[in-house]
Each structure stands twice: as C-alpha cells, then as structure tokens.
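Q: Can you join these two chains into the complex? Each is in its own frame, and there are hints to help.
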Amino acid sequence: MTDLSIGVILLVVGMLGTLGSLGLLSLMIVLLKRLFPYGKEGA
Amino acid sequence: MWEAILSGFAGLALGVSNFTFPQFVMIAVGGGLLYLGIRHGFEPLLLVPIGFGAILVNLPLAGFMEKGGILRTFYDVGVLTELFPLLIFVGIGAMTDFGPLLERPSILLLGAAGQFGIFLTLLLALGLKFTLLESVAIGIIGACDGPTAIYVGSKYAPHMLGPISVAAYSYMSLVPLLQPPIMRILTTKREKHVVMAAGKRSVSKTTKTLFPICVTLVTALIAPIGAPLMGMLMLGNLLKESGVVERLKQVSEQEIASIVTLLLGLSIGATMEADKFLRYQTMLVLVLGLVAIGLDTVMGVVFGKLMCAATGGKVNPLIGAAGISAFPMAARVAQNEGQRYNKKNHLLMHAMGANTGGQVGSVMAAAIMLSLLKGLGIGP
Numbered sequence: 001m002t003d004l005s006i007g008v009i010l011l012v013v014g015m016l017g018t019l020g021s022l023g024l025l026s027l028m029i030v031l032l033k034r035l036f037p038y039g040k041e042g043a
Numbered sequence: 001m002w003e004a005i006l007s008g009f010a011g012l013a014l015g016v017s018n019f020t021f022p023q024f025v026m027i028a029v030g031g032g033l034l035y036l037g038i039r040h041g042f043e044p045l046l047l048v049p050i051g052f053g054a055i056l057v058n059l060p061l062a063g064f065m066e067k068g069g070i071l072r073t074f075y076d077v078g079v080l081t082e083l084f085p086l087l088i089f090v091g092i093g094a095m096t097d098f099g100p101l102l103e104r105p106s107i108l109l110l111g112a113a114g115q116f117g118i119f120l121t122l123l124l125a126l127g128l129k130f131t132l133l134e135s136v137a138i139g140i141i142g143a144c145d146g147p148t149a150i151y152v153g154s155k156y157a158p159h160m161l162g163p164i165s166v167a168a169y170s171y172m173s174l175v176p177l178l179q180p181p182i183m184r185i186l187t188t189k190r191e192k193h194v195v196m197a198a199g200k201r202s203v204s205k206t207t208k209t210l211f212p213i214c215v216t217l218v219t220a221l222i223a224p225i226g227a228p229l230m231g232m233l234m235l236g237n238l239l240k241e242s243g244v245v246e247r248l249k250q251v252s253e254q255e256i257a258s259i260v261t262l263l264l265g266l267s268i269g270a271t272m273e274a275d276k277f278l279r280y281q282t283m284l285v286l287v288l289g290l291v292a293i294g295l296d297t298v299m300g301v302v303f304g305k306l307m308c309a310a311t312g313g314k315v316n317p318l319i320g321a322a323g324i325s326a327f328p329m330a331a332r333v334a335q336n337e338g339q340r341y342n343k344k345n346h347l348l349m350h351a352m353g354a355n356t357g358g359q360v361g362s363v364m365a366a367a368i369m370l371s372l373l374k375g376l377g378i379g380p
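The listed protein sequences correspond, in order, to chains A and B.
For the record, in the first sequence the residue sitting at position 34 is 34 according to our numbering, with numbers rising by one throughout.
For the record, in the second sequence the residue sitting at position 276 is 276 according to our numbering, with numbers rising by one throughout.
Among the clues, some could well be false.
The following label-pair restraints were derived from C-beta to C-beta distances [stated by the list, open to error]:
| no. | chain 1 | residue 1 | chain 2 | residue 2 | range |
| --- | --- | --- | --- | --- | --- |
| 1 | A | Ile9 | B | Gly11 | 23 to 33 Å |
| 2 | A | Gly39 | B | Leu123 | 32 to 42 Å |
| 3 | B | Leu177 | A | Leu16 | 29 to 39 Å |
| 4 | B | Thr73 | A | Leu24 | 27 to 37 Å |
| 5 | B | Gly11 | A | Thr2 | 51 to 61 Å |
| 6 | A | Ile9 | B | Pro380 | 42 to 52 Å |
| 7 | A | Leu16 | B | Met283 | 29 to 39 Å |
| 8 | A | Leu16 | B | Thr73 | 37 to 47 Å |
| 9 | A | Leu24 | B | Arg340 | 53 to 63 Å |
| 10 | B | Gln281 | A | Leu16 | 25 to 35 Å |
| 11 | B | Ala62 | A | Leu24 | 47 to 57 Å |
| 12 | A | Thr2 | B | Leu306 | 41 to 51 Å |
These aren't lab readings, by the way, just hints derived from the structure by calculation.
Values in this document were obtained by computation on a predicted structure and should not be read as measured data.
The C-beta atom is built at its ideal place from N, Cα and C for all residues, glycine as well.
Just chain B, with the same shape it has in the complex (with noise of 0.2 Å):
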C-alpha cells in the first residue's frame, strides 16, 4: 500500500526528474524570442507561436513531437507537405499591391540583384562543409522571405529546419538594423541626394489583372518546379485584382493567414528540440543566414549604382537596398535614410515597387533553385 503511495508520488516528479539542462536552455531560447516578440514588438506573429512552440516541445515527457503528438501532427500535415508555406503566400499575395511595381517596372531588376546573397552565401556554406542540400537550404534565408524558406528548407534540409526559419523570421525583422549602415557605406553624398520624381499613374485594371496571371506562366515555363511557390502567391494576387471576389480575398489576407501562421509557428518552434537545435551548426546557420541578408543588401545597393549611372542620375541607390523580400520593412527603411540627406525626397514608393520586386524576385530566385537542382538530377 506504501509503496503504491510512494509510486504514486514519484509519478508527480517524472517532470522534474526527467528535466535537463538543455531542455532548460531551449525553455530560455523560446523565453527570449516571446520577449522579442511582446516586448518589442519583432514578427509577434510569428515569433510569439515560434517562442511557445519552442517551450513546449521542450517539456519533460509531454510528447509534443512525438507520433501522434498535436505539434508532430501539425508539422507532418503543415510543413512536411509545404502546405503552410504555400497556403501563406496566397495571403501575402493577396496583401499585396504591385501598383507601384508596375508603374516603373525596370525596378523589378533591384528585386533580382536583392537575392544575389542567396547564392554567394550557398558557396560560403559549401566552404564551411555543409552538405550541398543544406547550403542551399542556407542560402536562401537569403530570400529574407519566411514562407520561401521554409518551404525550400523542408525539402533540402528538413534538419534545420528551426535555425533556418528562426534565422528568417528574426532577421527579417533586424531589417532597420542590419541595413543602414551597408547603405551609407556603399553611397556617396550625391548618390543618396537623388531625387526621384513621383510616377504618373500608368497602370490599368487590365494590367493588374494580368500580371498574376502571366507571372505564374512565365514562372511556370522558366522553373516549373518553383510553380507552386509563385502560382500561390498570384494567386492571392488576383483574388485581390479581379475585383470580383472580395470575400475570398479576404478569407485569403485574414482567417487562413492567421490560422496557417499560428500553425506554422507553433510546427516552427516544435523543430526546436534541445537535443537536434543545441549544436555548432546551428550557430553557423545563425550567423551565415545573417550575411546572406547582408550580401543581398549589398549586392541590392550596387545594383542601385548601376542603374544610377546608367540612368544619368534618375534613380537613388538606396532604393536597392529594398529590393528583397522583408516587406514592407526594407521600403521604409530606403525612405527613412532618403530623408536622412533630404527631407523632400520622397522613396517610399519607388522603394515600395522595389520591395515588392524583391518579393517577386525571392520566389523565382528559389524557384531558379529547385529547377536547377532538379536539372542537375539533385535532390528529392
């Protein structure tokens, strides 16, 4: 009877007996991307569901992660599948205004040289004795693009998953951080005075109609096995243009965008697990995924330069800076260091067009990717 008592007893401390220290620092880990998240305000969104993710799959004996647990069911439905990745994009295609993009559209080519970080930060990876898969899973937190990365991630690195999207998702939010000083570095005093005059209003409803459509055969055609990527996104898009499907659209920026990123989240932060998170590696993906960020702000900048000099002086280089993915970060912090040296010079919607280009330009970029790792017979 006792002992049947003392057993019992035991039981309640299975918790604490079988609590270790690295759960204890993944605890702290997730402790730290919720008070990222709450106290400052960095992707709530993503960080809070990331940072609660990350505790629980980290608690004694609660069997988050394990088959049949609530978050392994989420992750193997979700993200396994890349469907919350892709279902994600049809509401951040239907947020999105490519008005100012198409109003000037060689600004679309910012958007390329924008994700340039992606493939020099694959080769620094390689350097580093990554596999190939995992060095291209790397790279492209260089798309600054959450929904990309996760999506190319699973297929090439399903390991890494956490320090990738993790890396992603914070990073995207050090954009006003990580930028300004590459952007001041790279331009001189007269690059950073120039004016850009604002558009006339040059896009009709056809157009804007159109363009999801033509981009998603043109993808299709160019990297058809990055077609799920950008047909989702333009497909948001045109649910937002046509004009005729006002409650689809919204479902589409709304209800699935939150139910899909607190399930996304949540499935993010059970990838981190104290006993697969707490390595070297994950340190290097940190810190490789903060240059790839780098590099593509870089590479955006000096694109900018060359399309001043090539313009005669038209367009502002700080407005390359905003040619990834992080919307609509990047776009203003181009405006807020525009207005740094000029208080009339107004970027925001040039740099506005070179963001959503960036956006554009990260799903083809990783679109490019798979198709040419396919091509090479790589890969799954």
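Extracted from the complex, chain A is given alone in its bound form (with noise of 0.2 Å):
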C-alpha cells in the first residue's frame, strides 16, 4: 500500500471513527442522565 492509500484509509476511518465514537460518548451521557437524574439524588 502506498502512503496516499493509507492517508485515505486514515482519513475515511479516522473522521467515521471520531464520530462514531463521540457519537456513542452521546449516547452514554444520555443513559447516564436517565439513569441518574437529576433532583432525585439522596440527601
């Protein structure tokens, strides 16, 4: 593989793979809120 082929790979999977992971960060912080709400901690 050629250095361009693999900068293009990098570049392809590099940015699905950012997003695709702050994505599931997301969804985590979501489940976390639900999980854990606000207002109804205990004292």
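A: Next up, the structure:
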C-alpha cells in the first residue's frame, strides 16, 4: 500500500471513527442522565 | 607566559567566534515569541518559556541540548517519555467543567466535526511529500491542543516537535483572529440570528462523577493506544467532580500544571536549534498547521449548519466553530460573533459545551489515529 492510500484510509476511518465514538459517548451521557436524574439523588 | 595570557583572552572570545548567523536568527525568533507572550499576552505561560528555551539552546557552546545538558535532561525525561503532556492533561481535566456538554450531549458531535481538519491536513501533508508519520504529526496540529500535538509529535516525528508545538500553541492563541472570517462566510444571515434557549439544569452529581470513568472505559475499548491521553484528562476531571480530594485537585490544576508547563515550554524551546529549525519544512509545517485549524473551523460550522437544519433551526451554527480544543477562546469567539448579529443572543454556555466537546474530541481523534496506525502495523 502506498502512503497516500493509507492516508485515505486514515481520513475515512478516522473521521467516521471519531464521529462514531463521540456519538457513542453522547448516548452514554444520555443513559447516565436517565439512570441518575437531576434532583433525585439522596441527601 | 604571554602566550598563556593571550589564550586566556581567546577563551573569553569563544562565544563570539562561534556565534553563527542561523543562531542569531533563532535567537530573534525566540525574542519574537517572548514579544508575543509578554507584550500581547498570547499564551504567555507557554510562549515565554518556549521563547527563552529557544534563546538558550542557540547560545554558542552553552551545551544546553548536549548529553547531560539541563534542557536535554528535561526533554529526555519529560517529552520523549510523553510524561509532560500527560501530566498537563491531569491539570486540564481538573480545570474543565463538562457541565455544559452534559446538559446537551448532542453538542459532543460538534467536537467530532471540529477535528476533521486533522485528517484532511494529513492528506495535504502527504501531497507535499512528507512521510506518513510526519503527516500524522502535522495533521494533529489541527487538534488545536498543545499536549496532544506534543504527545503524537514526540511519538511519530520527534525531529519536527519544535515547529509542531510552536504552531499548535501559537495558533491556539490566534483563534480569535482566525475563526471569525470563516464563520461569517459560511453562515447565512438567518443562521447567525438563531437564538438558542438556555438549558435547564439537568445533570446530577452522580452523572458528573461517573462521566470521566465511563469516557475512559469507552475510549480504552475503542482506541486503547490513546487511553493514556484520555485517562489522564479524565483522572483530572474525576478529582474535580468527586469533590472528596480537593487537595489533589488543587495540586493538579495549580502546582503540577505550572511546574510541568514551565519544563515543557523550555523543552519545546530547546528543540528549536538553528540547524534543525531553519528549514524549508518548518515553513510548510507552520502553513499546514494554519490550514488544519482553518479546516477544523470550516467542518465545525458546516456540521453546525447540518444540526441547525436537522433540529428545525434550534442550533446556531456559529457554535460549531467552538468544536475545537482551544478552550475557552473558541467558545468566546462564538459568543462574540453571536452577539455581533443579535445582542440578545447568549451562545456562551452552548459554545462552552461544544468547546469541552472539542477537548474530548481532539483526544479521541488522536486516540483513534494512534490505534488505526497500530492496527495497520505502522509506527513505533
């Protein structure tokens, strides 16, 4: 494989991977907020 | 006798006789960095030690970067081992409030789009005949995140660490100049006027405490090679959010961050030796770094426009520009641009969310890049 073709792989997989993993993290935050809602914690 | 006296005087002139023009140029460059830091307040905590380090390392016969030299020791112990950038991350994590991001998790996607410039610049660097690993190190300037750039740069292109870190840190402070023209060109009048409602407080303390632990676990599962970066950032944040280790939090964000910033700045300045820095490649790296941050801004705003369309006009695309790691400058730029078109529009908290998303995003993008390269069997 040439450097350029590896670069294209890094571009495509890198962008999709970053977007996908941050999408996953945002879903995780939603889940955490559902599991531990604001104002319902014990004193 | 007279010969010995003359030799003694000749010894006093050794500095002058060994002083070269390239060293003079680099001392002037160091002076320029000091001028930017002291006179204009551009990232003074970094530019002052970097600038002075650049001056020290270009003094003739002083031997700061020779084996056993003080700056060489700092560099070997802290930069080559990746210790300094990782310790800085603990401090950044302890200083960062992810609250605005947790209030509106979808904004995290802007922090991903704000990193696309990294990957696009990588291709540009390859087109300019840099090697693959050098291109990766150059592209990472687009993370707009000094410690990440140094971490990746020291791994893949240690010989280019000087220009890479100077670009990463100096462009970070130039964000207020670089971003607004791009934001104005890419958004319509209607989009600039979109008012974003203030979110209700919706994040519990438990969520805030669990967030750094979960992010570390997710990152380690997706991109394990980048786990040290994310792990240290989130360790700092856990110290802050747990609320039970106030002393450790304070030490991380103050003493440790200050000491490491000083040593890191000096070490980076020490990489700016004339014979290594004054090259055609350095100019290309500086230009590509600028392009990377420009592309980040473009992609962030374009993604903001997509979110605006997808939410029926509830997201102001200007906050997309804040999806980079330059905290809190990028968020302030989005706020100022929003107010420029609508005095009643307060985008700051939303932009802060995107900006902290950019911090997570830049580390995640670097982690993904490191893991991809490892998966392809490339690099150390």
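Q: Return the numbers of the hints above that this structure violates; sort them in rising order.
A: Those not satisfied are hints 1, 2, 4, 6, 9, 12.
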